[in-house]
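Use these hints to put chain B onto chain Y, whose structure you have.
In the order they appear, the protein sequences are chains Y and B.
Reminder that position 54 of the first sequence reads as 54 in our numbering, one-by-one numbering, no gaps.
Reminder that position 116 of the second sequence reads as 116 in our numbering, one-by-one numbering, no gaps.
These are calculated hints, taken from the structure and not from any lab test.
Keep in mind that a hint or two might mislead.
To be verified - Computed far set for chain Y versus chain B, every beta-carbon distance over 10 Å:
1) 33
2) 73
3) 82
4) 93
5) 105
6) 119
7) 147
To be verified - Simulated restraints on C-beta separations:
8) Y/34 - B/9: 39 to 47 Å
9) Y/142 - B/47: 49 to 57 Å
10) Y/42 - B/184: 44 to 52 Å
11) Y/186 - B/150: 46 to 54 Å
12) B/32 - Y/186: 23 to 31 Å
13) B/29 - Y/120: 54 to 62 Å
14) Y/51 - B/182: 28 to 36 Å
15) B/146 - Y/73: 21 to 29 Å
As the list claims (entries may be wrong) - Where chain B lies over chain Y, by a calculated footprint (3+ residues, C-beta under 8 Å):
16) 12-26
17) 59-72
18) 94-104
19) 109-115
20) 134-144
Ideal Cβ placement from N, Cα and C applies to all residues, glycine included.
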Amino acid sequence: MPTSKHFLFAAMGLVAMLALGVVVFVVPTYRQAATVRERIGDLRARIANLEHSTQDVERLTAEVAQQRLRIEREFKIIPESADIASLIRKLSLPVDQTMVRDQTFTAGSPGDAIPGGASPLQAIPLMVDMEATFDSVFALVRSAESVDRLVRVSSVRMMCKRDEAQNDRPILKATVSLDAIFEPPRNMKEQ
Amino acid sequence: MRMGQFIAAAAVGVLLFVALATHARFSLRAAEAELATVTVHADQVLATEAKAAELVRELNELRSFSEMYHQTALPLELSAVMATLVNALPESVTLDQLDLDASGRMVARSPRAKDVRATGDLPPRVLSGQISGFAASDQQIAELVSRLEATPPFRNVSLDFSRTRDVRKHLAREFRLSFKIDLETPYQVAKAGRQRSAALEEIANAH
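Chain Y on its own, in the form it takes in the complex (with noise of 0.2 Å):
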């Protein structure tokens, strides 16, 4: 006949099985449970932020879009090389001895864009020394901006001897200084 020893003992040894499987299975559950809610709190926060996130990439699109578009109609192409060949064949005029006496094309050697290297654009200057008329040097200057590359008209001189000046159509002894801008490729410039 059990004793009432024996059901104490019995009934601790009850509790401890049933502590023990609490502290085994129940509670690493819950905690595993508590951790994944938190988990989905924080994820639920960052999605509570998807429409922001979304409007944010839509407001950003739209406004590559207009650089892109902006860059595209507002400005010109800088080519990798000054291709200063092709730029004077686009420039030269005809030298026909009424409207232009002569003129001549000379090109320097390439130096930054922009003083100080402060960008990766270079610029080759390119003087061009003429004797014609005003009209002649300024379809040469209106020439250079309007290509479709850029070139920086730097300088215009023009004068006038006026003891040598015919009476229609005088001839300006006129420089128009010209950088051509061109943005080499990385490792050529670090060469």
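Same frame as chain Y, but now just chain B:
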């Protein structure tokens, strides 16, 4: 009797344990299922954030290119400046020299400007212009100065000198004037009232 009570208590204890364990398991499964659903949306968030970062990088590149382009290119065309100058000439004014130099930079000698230079910032670009010629009278030269002063972007228009000169046995006033144009602001050179071609014809025929 005592045995029956003990068995009942043990059964209740075991049942409570089973209920608790089952609840914990269900709770975990529900949380995991929810996490799976939320993760699908979260992937979208991560993709959106990555896309936003990529777009910001692209936009910064475009902006820096744009800034570099504006620092390199001139904000106005020299031909437009020439046309505006010629259009601004009063009737009797004839030019025999024109000098436009857009390669210069504003030279300031103030201590503040020196500080700016020390930081590596380049001084602002400026176009320096000088024209010389002759006119029938000083009034015509003054008229040219006033017209240029009133025409943006010309500024600091100053008459360097005006003196008598003999032009084909006629007395005329020879002059030289200078001006500056700030090249750090984008401009649209205003066309004066007269047509450029007419003015060009005039400069050509004046000789």
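Taking 8 Å as the C-beta cutoff, is the stated coverage of the region 134-144 of chain Y by chain B satisfied by three or more residues? Held - the region 134-144 of chain Y has 5 residues with a Cβ nearer than 8 Å to chain B, which meets the minimum of three.
Pairwise beta carbon distance, residue 29 of chain B to residue 120 of chain Y, judged against the given window 54 to 62 Å: Holds: the Cβ-Cβ distance is about 59 Å, inside 54 to 62 Å.
Minimum Cβ-Cβ distance from residue 82 of chain Y to chain B exceeds 10 Å: holds, 14 Å
Check, residue by residue, whether the region 12-26 of chain Y contains three or more positions whose beta-carbon lies closer than 8 Å to a beta-carbon of chain B, and give the verdict. holds (count 7)
State, for the Cβ atoms of residue 142 of chain Y and residue 47 of chain B, whether the hinted interval 49 to 57 Å holds or is violated. Once the Cβ atoms are compared, 51 Å apart, the range 49 to 57 Å for residue 47 of chain B and residue 142 of chain Y holds.
Count the residues of the region 59-72 of chain Y whose CB lies closer than 8 Å to any CB of chain B, then report whether that count reaches three. holds (count 8)
Does residue 93 of chain Y clear chain B by more than 10 Å, comparing its Cβ with all Cβ atoms of that chain? holds, 15 Å
Evaluate the given range 21 to 29 Å for the C-beta pair formed by residue 146 of chain B and residue 73 of chain Y. violated, 37 Å
Pairwise beta carbon distance, residue 186 of chain Y to residue 150 of chain B, judged against the given window 46 to 54 Å: Because 48 Å falls inside the window, the suggested range holds.
Residue 119 of chain Y remote from chain B - nearest C-beta pair above 10 Å: violated, 5 Å
For residue 33 of chain Y, is the shortest beta carbon distance to chain B beyond 10 Å? violated, 4 Å
Could you say whether the range 44 to 52 Å given as a hint is met by the Cβ separation of residue 42 of chain Y and residue 184 of chain B? holds, 49 Å
Comparing the model with each earlier hint shows violations of hints 1, 6, 8, 12, 14, 15, 18; every other hint is respected.
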